[in-house]
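Read off the chains here:
2 protein chains.
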Amino acid sequence: MLKIQFGERSMPTPPIDVLLIEAMDAVDIQSALAILKEMQSIDIAEALEQIPVAYASQLLLHLPKRAKVYTAMSSVRQAELAQHLARSDLADIISEMPADKRADLFKSLDPAQQSALLPALAQAKREDLRRLSHYEEGTAGAIMTSEYATLGAEMTITEAIETLRREAPDAETIYESYIVDTQRRLMGEISLHELILAPLDHKVGDLMTRDIIYAQVDDDQDEIAKKIARYDLLALPIIDAQGVLVGIVTYDDAMDVVSAEANEDFLKAAGVEASTPDMNIKKIPLLQLYKKRVFWLVILVFGSLLSGLGIAHFESIIESNIVLVFFLPLLVGSGGNAGSQSATLMVRALATGDVVLKDWFRLLGRECLVALALGITMAIAVAILGYIRGDAMVALVLILSMIGIVMIGSVIGMSLPFILNRLKLDPASASAPLVTSICDATGVVIYLFIAAQLLGQI
Amino acid sequence: MLKIQFGERSMPTPPIDVLLIEAMDAVDIQSALAILKEMQSIDIAEALEQIPVAYASQLLLHLPKRAKVYTAMSSVRQAELAQHLARSDLADIISEMPADKRADLFKSLDPAQQSALLPALAQAKREDLRRLSHYEEGTAGAIMTSEYATLGAEMTITEAIETLRREAPDAETIYESYIVDTQRRLMGEISLHELILAPLDHKVGDLMTRDIIYAQVDDDQDEIAKKIARYDLLALPIIDAQGVLVGIVTYDDAMDVVSAEANEDFLKAAGVEASTPDMNIKKIPLLQLYKKRVFWLVILVFGSLLSGLGIAHFESIIESNIVLVFFLPLLVGSGGNAGSQSATLMVRALATGDVVLKDWFRLLGRECLVALALGITMAIAVAILGYIRGDAMVALVLILSMIGIVMIGSVIGMSLPFILNRLKLDPASASAPLVTSICDATGVVIYLFIAAQLLGQI
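Chains as they are written, first to last, in UniProt numbering: chain Y, 1 to 458; chain S, 1 to 458.
Incorrect hints may have been included.
No copy labels: a pair is met if it fits in one copy or bridges any two.
As the list claims (entries may be wrong) - When the alpha-carbon atoms are kept at most 25 Å apart in a straight line, the in silico PhoX-like pairs for lysine-lysine are as follows:
#1 Lys358 to Lys226
#2 Lys358 to Lys107
#3 Lys203 to Lys424
#4 Lys424 to Lys101
#5 Lys283 to Lys125
#6 Lys65 to Lys424
#7 Lys227 to Lys101
#8 Lys101 to Lys226
#9 Lys226 to Lys291
#10 Lys291 to Lys107
#11 Lys227 to Lys424
#12 Lys203 to Lys125
#13 Lys358 to Lys101
Derived from the structure by calculation, the hints contain no laboratory data.
Looking at chain Y on its own, in the form it has when it is part of the complex:
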């Protein structure tokens, strides 16, 4: 029977890491292993991240699925354990890891560790590791695995299934098999689903799909993830410039890319650099967090000077109408808010591919209409306040300024991501804070210019 766990209703128990440390303190490794026995690899990995590295390395060596658990750990903990384990143990674990994850780990080690490790691996694994590690970060090559199943076009279905049975333990998936010619050029693919349904004496070559979806080894990994999601693939074959099959990317790695990219865009939109996708806010060193945040903040300090210069230019109109200062944050802020809304909508639409560069002009008209409607709504709200605190003339200044500021802010906000995209810069990195500071400065000038025209004459 299935063990149904009633998480919220059960008695509170101490967290697993506390139980593990207690057992290990008592030199009772069997109890500790019993706790981990029925857990999934990723849950074990997480528990082993919470306990001292000496305990974690002892427990890891006794786990039946130690390579899976090690693979599921964060790169920080993997590196700590790599330091702590005997070289032969580490080589054993690394040999059992999936090829793509092994390459990721290898790249994260320092040169001394790398050259200590290589001789401990078998010849074939070593060459594979060298090959996978040399692909540039962010490309298909850097996330693909070399462990896929291949079949010959001339095989019968019986022979194909027999081949998969034999190769299964080494392949990352046997649900998609690839058919290659003698030069290992990709010719077609066939799923295990199709193999299971087919008459046993038919040939693989007659049943395989020839119009397959594939990618090049230097394609951007973001594109790879999009292809896998778009075509609902289990795995995407990766070829080199000669059409030779060099690896596959599986759906689970694509899901990780989608999450990491979404996270990156989200952080970038608030002016936080996001080069390390798996950073954990609880654990990241403070200096690193400082560095990630300081760049945009200082840039924006200087950006805000533009607003200051605008104010300086109109200092006399402010001095003679101090009530204008009361509405300054409101008007300026509204332009920034409307602008960052527009920018965010465009950044997302560009990222998802809903919108391309040449749509800018067509969208401009729509944006102006919406911004006009928004500006009028907001102008009505603020005009009432202007009349109460000032007079009819101040109310008029506010109405005209609000409409102008919201419209110009929106147009700047929607255009900036296009411009950055055009300049081959990442639109996400610039949205909210940059747009806000540009809109702020523009807003100051619009507001005080209108005020000078209407109130200056009095």
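Once you have looked at the hints, place chain S on chain Y.
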């Protein structure tokens, strides 16, 4: 041989929709079908979205994989075609759709269309449709499919593979099979991978995995997607309160949920309501776009009044030191920027589960240290300017204000998502714009208060 397409290097050809319309204008449906022949379902679906609905419905009926193509279309185009197709054709296509997608479509139809459609479906499909459509949006029930493969524990491997061969066309996946008892309670699962490797005379019940990962039918779909990604599952079984297997959610639907949720959070962070996840900025009606944006903008207008009130309170100090206005946008903006960075980091960390409610206090100390460092950096930048435009006293006001504003802004920014989470509100909806306007008002008060203390005595 594989047809390698050199996308960027080939001659420019007219887009597919133009070619299709030309062929259909010439009443040459065969040419139009020839264009679509070797394309993937999703690509065909996209092409058919770009052409008039009358043409699209004619072509759809002639496509061999029409149900797949129809399934891949946007809900807007599905509804248009549902209006346009003969009822029997529509019923045929709908019968061939995956059960989960059929239920989604059904829910999007109006009651008159629903009752026109139901009698045209077979009895079993009709009941399944009714059952799947009644689950609440956003839950596992609303995205699961009822088309999964089940096996009996007493079957031999040979019998199991034979069963899958027979059931394959109806199941969404045969790569994971579920073993249920006579009451259809979930007992275990076995993958096709395991079946292929197992000796043919063994029993399914002896080889199946009993410690399986599953979810409840009323679990949040965000949780479902997280589970699938965390455990790298192909499919997640969904049970009801009695432990009865009622459906499965497949990895491709989970990927869609991940993308949609990321999109929603991203838009919410800029104060855009994001209830329709698949909205396309090019096509959404302007009134709807206006409605999505106006709410937060008007709220923020009133929010900014707090800043105005702060200014009004200190009007005399501004009048006697008009240089203060020059630095107002800069200081106030810096607090907002630092605050929205902190808020964004927390919103993401809460969304990914890296951080939970009880971490707030622990993170507060870290945040204060980082904010202090950031504040000092920014204060140095601004103090130089203050000295140039004003004097040493003004520079001192700026230093103290900047440090205070950045620190308080950061603390507000990091705390607000926790507070909203505590109040069971969505932290994402409140980050950037709300934080900015709260930090703005706080910044005004801090700045002018410090100025009044230091400059007021002169």
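Is it within, between, both or neither when you check lysine 291 against lysine 107 at 25 Å Cα-Cα? within (24 Å within a copy, 49 Å between copies)
Task: Up to 25 Å CA-CA - lysine 101 versus lysine 227, copy category - done: So lysine 227 and lysine 101 pass the 25 Å test inside a copy (21 Å) and across (21 Å) alike.
25 Å Cα cut-off: does lysine 101 pair with lysine 226 within a copy, between copies, both or neither? both (21 Å within a copy, 21 Å between copies)
Within a copy, between copies, both or neither: where do lysine 203 and lysine 424 come within 25 Å Cα-Cα? Neither: 48 Å inside a copy, 59 Å across copies.
_With identical chains, the pair lysine 227 and lysine 424 could be close in the same copy or across copies; at 25 Å between alpha carbons, which is it: within, between, both, or neither?_
The answer is within: 22 Å in one copy meets 25 Å, while 36 Å across copies does not.
Since the copies are identical, ignore which copy is meant and state whether lysine 358 and lysine 101 lie within 25 Å (CA to CA) inside a copy, between copies, both or neither.
neither (39 Å within a copy, 33 Å between copies)
Please sort lysine 283 with lysine 125 into within, between, both or neither, judging by C-alpha distance up to 25 Å.
neither (33 Å within a copy, 51 Å between copies)
At most 25 Å between CA atoms: does that hold for lysine 358 and lysine 107 within a copy, between copies, both, or neither? neither (39 Å within a copy, 36 Å between copies)
Status of lysine 125 relative to lysine 203 across identical chains (alpha carbons, at most 25 Å) | Close neither inside one copy (32 Å) nor across copies (36 Å); limit 25 Å.
Margin query: When Cα atoms must be at most 25 Å apart, do lysine 226 and lysine 291 count as within-copy, between-copy, both, or neither?
Written below: Neither, since 31 Å and 30 Å both go past 25 Å.
Should lysine 65 paired with lysine 424 be assigned to within, between, both, or neither, using CA atoms and 25 Å as the limit?
-> Classified as neither: same-chain Cα gap 45 Å, cross-chain 39 Å, threshold 25 Å.
Original post:
Should lysine 424 paired with lysine 101 be assigned to within, between, both, or neither, using CA atoms and 25 Å as the limit?
Top reply: Cα proximity of lysine 424 and lysine 101: none, with 30 Å in one copy and 38 Å across.
Checked against the numbered hints listed earlier, the structure breaks hints 2, 3, 4, 5, 6, 9, 12 and 13; every other hint is satisfied.
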